[in-house]
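Peer 1: In the working numbering, each residue's number is its place in the first sequence (first place is 1) plus 29.
Hints in this document: simulated from the structure, not taken from any laboratory.
Ideal placement from N, C-alpha and C gives every residue a C-beta, glycine not left out.
Take these hints with a grain of salt, some might be off.
To be verified - Below, a list of computed lysine-lysine pairs in the DSSO-like style, where the Cα atoms sit at most 27 Å apart: (1) 546 with 141; (2) 641 with 546; (3) 546 with 511; (4) 141 with 511; (5) 510 with 141.
What the hints assert, rightly or not - Computed Cβ-Cβ distance ranges for the label pairs, DEER-style: (6) 355 with 473: 39 to 47 Å; (7) 481 with 209: 41 to 49 Å; (8) 174 with 82: 54 to 62 Å; (9) 54 with 409: 52 to 60 Å; (10) 272 with 209: 18 to 26 Å.
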Amino acid sequence: MYRHLERRLAQHVRDFLRRTYDIDLPRIVIEQPPKVEFGEYALPLAFELAKKLRKAPRKIAEEIVAGIGPVEGFTKLEVAGAGYINAYINRQELAAALVKGEEPRSDTPAGKILVEHSSINPNKAAHIGHLRNAVLGDTFVRLLRFAGREVDVQNYIDNTGVQVADVVVGFLHLEKKSRAEIEQLTRQLRFDYYCWDVYARTSQWYEQDKQNLQVRSQTLHALEEGGNETAAIAELISIAVLRRHLETMDRLDIEYDFLPRESEILHLHFWDAAFQKLKDGGVLFYENEGKNKGCWVMRRAGTSKTKSAGILANDKQDSEDSEVSEEDQKVIVRSNGTVGYVGKDIAYHLWKFGLLGRDFGYRKFYLYPNGHQSWISSANGEPDHPHFGDVSEIYNVIDARQAEAQNTVIEALRGLGYNQQADHYTHFSYEMVALTPRCAAELGYRLSEEDKAKAYIEVSGRKGFGVKADDLLDTLIASAKKEVDARHAQLSDSERAAIAEQIAVGALRYFMLKFTKSSVIAFDFREALSFEGETGPYCQYAVVRATNIFRKGGFDPDHFGKPSGSLASNEFAEHLQGEASNELWELWLAASKTSYIVDQCIATTEPAYLAKHAFQLAQQFNYFYHRHPILTEADEGRKKFLLYTVAVVRRELIRALEVMGITTPPVM
RNA sequence: GGGCGCGUAGCUCAAACGGAUAGAGCAUCGGAUUUCUAAUCCGAGGGUUGCAGGUUCAAUUCCUGCCGCGCCUACCA
């Protein structure tokens, strides 16, 4: 509702400016006043217009307020300060709409969106860094779906890369395991933990003797080639680890629709098709000299190309391409003819946009307990399958360190003339999760003096240094279970366990969302394990409290006031008018912002705003809860109004938490 | 060296598009009619927003320079 009123106000102002001053502002800035006494929206536009109209801002503001006329849904506009225009919402109208759950639908753009996230190398257990990726990605998917968009979720599996090769080397050359033995091992509980150690040991083994690296490249070659014993073992391992990753993420209610694998990019010759296009389009060029001699290279994204973009003739550019300095070159095809990661990624992204002219084969892979089917790529697929790819927008949830690679893919699309697709290619970039030195020490890692002095230390799968996702979840659940046990001894153990799990997931998902993407999370158990203050459980608890009021009062919170809308809007009036009601009104206002916040999260690809909003709503509710005993309220009319307040806040809080993938326990 | 990002309270972080008195949580200290369960609430202290300039009616936000930190800069992914 809040969003809807904002748009209406903006449109009204825009029309008025055009009519009266013949001015077209590209954007009408609308802010939220610091206090509700100043209304619900504030427009600083008089300051902006002062120069154009050569009048004092205050004067302009007064003119606008006097001339603009009534705006539906608002009671008044008012000039404040040096020239702000404050707009006041018609409170009882908004409240009545909220009770009914009315939300004017805004037109959603057509076209399917593809979100790629997680994309964990299938060679070891997932760690907290992967958790941040998956939670951000999954929440963004939920945000888009909330906004009415159709979304496909993909998790790219690099099953033929160096990391898988390394763990294969570990099993074959260090562990000396046979294929049968490995197959046996894949069936053990948490096989990914086993791989975690094997991978770390293999990395050490390479460092002991650089000669050992030859084994790696032989293995890697075999994987890329396919159709051999080594590749079969790699398949065994990577599939088993992938299943573990899906299980881990499912604990957090994170699911995928499709799992495209690098092996199919290779074996279905996606790259060949892309390579041809890139050569034809002049994006790639062959280097005849220097250190990149014999490679197909392209200009690295972000290196200066045209200072006067679009002015120089394009054909002149082509002849200059070969003059791209060595350090500005990105090798796409190595001199031995093999293609690097960026090249495969370009092919994959041409496919995503339906520009490649080839498709994967598809097989059913993983059936979630809720019945959702996840598909995997395959050289020869099943005849009947859903249609993936061929989308109009994509978001890639990939950490900030890969920004350059991502930009190179985008530049390749542009180079091929696919500007529209490039414009709808978003690198959803976020910073890594690192460990505080204290946390690392607690985990038993020996630190150098240099590391101890740092604010945080980067996790490293290669070194086996990090916190595993399942371990963190287990710890959180155990910790939550202790609290639940202490509070609800009367419940059965399975009930308590279920609640503990909801709380643990709420705590974890909220923790991963509360930081803005650009902030490095310095992970610390004390903070992550907290259930108090700005946390998921705090928000869940607010909902539980709201539910309790209804339960104690003998009402159904989900249908309170619903069927007949028995409260006429004028009944709200007396409770929402005047200074004294501002505190309550602020709660209603906050509850009206869900879709507004969701839009903002999508526009800025920043889910943290939603986390912040849910917390603030919960915080305001707790304050309200403390100040207003409801069930003992003597005035029946007021009691009813307070119950409506709780019902609306509760509903909106649940909705906001759902978008973050957080459910609420029946009791806490 | 070049590219990207960051620097805000003791600690961890907010403040979208420049806007009204820079806000939360944690930690510390003090308090809450024993009630719809305190995983809660209220209060207190705590700030030269890294430094120096500039643009603007208005700068934590934009520009320039400097200082500090991180990441990227492989024929790795």
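Peer 1: Which of the listed hints are not met by the structure?
Peer 2: 3, 4, 5, 8
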